[in-house]
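Trainee: Okay, here's what each chain looks like letter by letter:
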Amino acid sequence: AQSVTQLDSQVPVFEEAPVELRCNYSSSVSVYLFWYVQYPNQGLQLLLKYLSGSTLVKGINGFEAEFNKSQTSFHLRKPSVHISDTAEYFCAVTLYMDTGRRALTFGSGTRLQVQP
Amino acid sequence: DAGVTQSPTHLIKTRGQQVTLRCSPKSGHDTVSWYQQALGQGPQFIFQYYEEEERQRGNFPDRFSGHQFPNYSSELNVNALLLGDSALYLCASSPGAGRSTEAFFGQGTRLTVV
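Note that the protein sequences, when read in sequence, are chains A and B. The numbering used here applies: residue 1 is where the first sequence begins, and numbers increase by one. The numbering used here applies: residue 117 is where the second sequence begins, and numbers increase by one.
Keep in mind that the hints were calculated from the coordinates and are not lab data. It should be emphasised that the depicted structure is a prediction, and the values quoted were computed from it without experimental measurement. Among the hints, erroneous ones may be present.
[Claimed, not checked] Pairs of lysine-lysine residues, derived as DSBU-like cross-links and limited to a Cα-Cα distance of at most 35 Å, are as follows:
hint	chain 1	residue 1	chain 2	residue 2
1	B	K142	A	K49
2	B	K142	A	K69
3	B	K142	A	K58
4	A	K58	A	K69
5	A	K49	A	K69
6	B	K129	B	K142
Could you build the full structure based on these sequences and the hints that come with them?
Mentor: Below, the structure is given as structure tokens:
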């Protein structure tokens, strides 16, 4: 079975500073990788996804992530954060299987707190 | 496009009661998955429905059951509620086999068991 570890439960950062949210996964087979964001009292919104091809993936709101197969990591980065980026961020994996019908395994989340 | 809609948004139930949560998928989506998100944790997969049948199931007891209707909407039922069932319940829809890799989530139903 696959699993996801988000190494930091909280990441405080000042506005306009860069940030990296770490994600490591474990799986014996190929996986798809995702980052989702959750604002207070809301559902999950997809930031970006890695399926295949280029290991550097760009997403919405200026976020990007890099897939590293040898280190089984998929860290999320943003060069300059805004107050509005304050939210909970979840890394998720799913097995390389039937497209469109997949169960996601989520990490425990990282709370990004952007301070003025 | 209304996206994924869930009802109700909030619900308070007493231990031992039963509850039904509802989900309407995004237009054009035929697959619905349910997740439980306890406070301070990531979502956990409960089960998935398409073609009106349960297709995959996570590690949840039989007290959790579901249904999918011909219009692809879905219900999640939980019997004999426990305090530990208090959580945000998320519904996600996807377009089905071979069509997309993205699941769209609803706003969730916040269930409180007292």
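Trainee: Each hint should be assessed against the structure and marked as holding or not.
Mentor: Hints, verified against the model:
1. Taken as a hint, the B/K142 and A/K49 pair is honoured in the structure, with Cα atoms around 20 Å apart against an allowance of 35 Å.
2. Only pairs whose Cα atoms come within 35 Å are accepted, and B/K142 paired with A/K69 is accepted, the gap being roughly 33 Å.
3. A C-alpha spacing of about 25 Å is found between B/K142 and A/K58, which places the hinted pair at or below 35 Å, so the restraint holds.
4. Among the hinted pairs, A/K58 with A/K69 is consistent with the structure: their alpha-carbon atoms are about 17 Å apart, no more than 35 Å.
5. Note on A/K49 and A/K69: the hinted pairing holds, with a Cα-Cα distance of about 15 Å set against a maximum of 35 Å.
6. With a CA separation close to 28 Å, the supplied pair B/K129 and B/K142 stays within the 35 Å bound.
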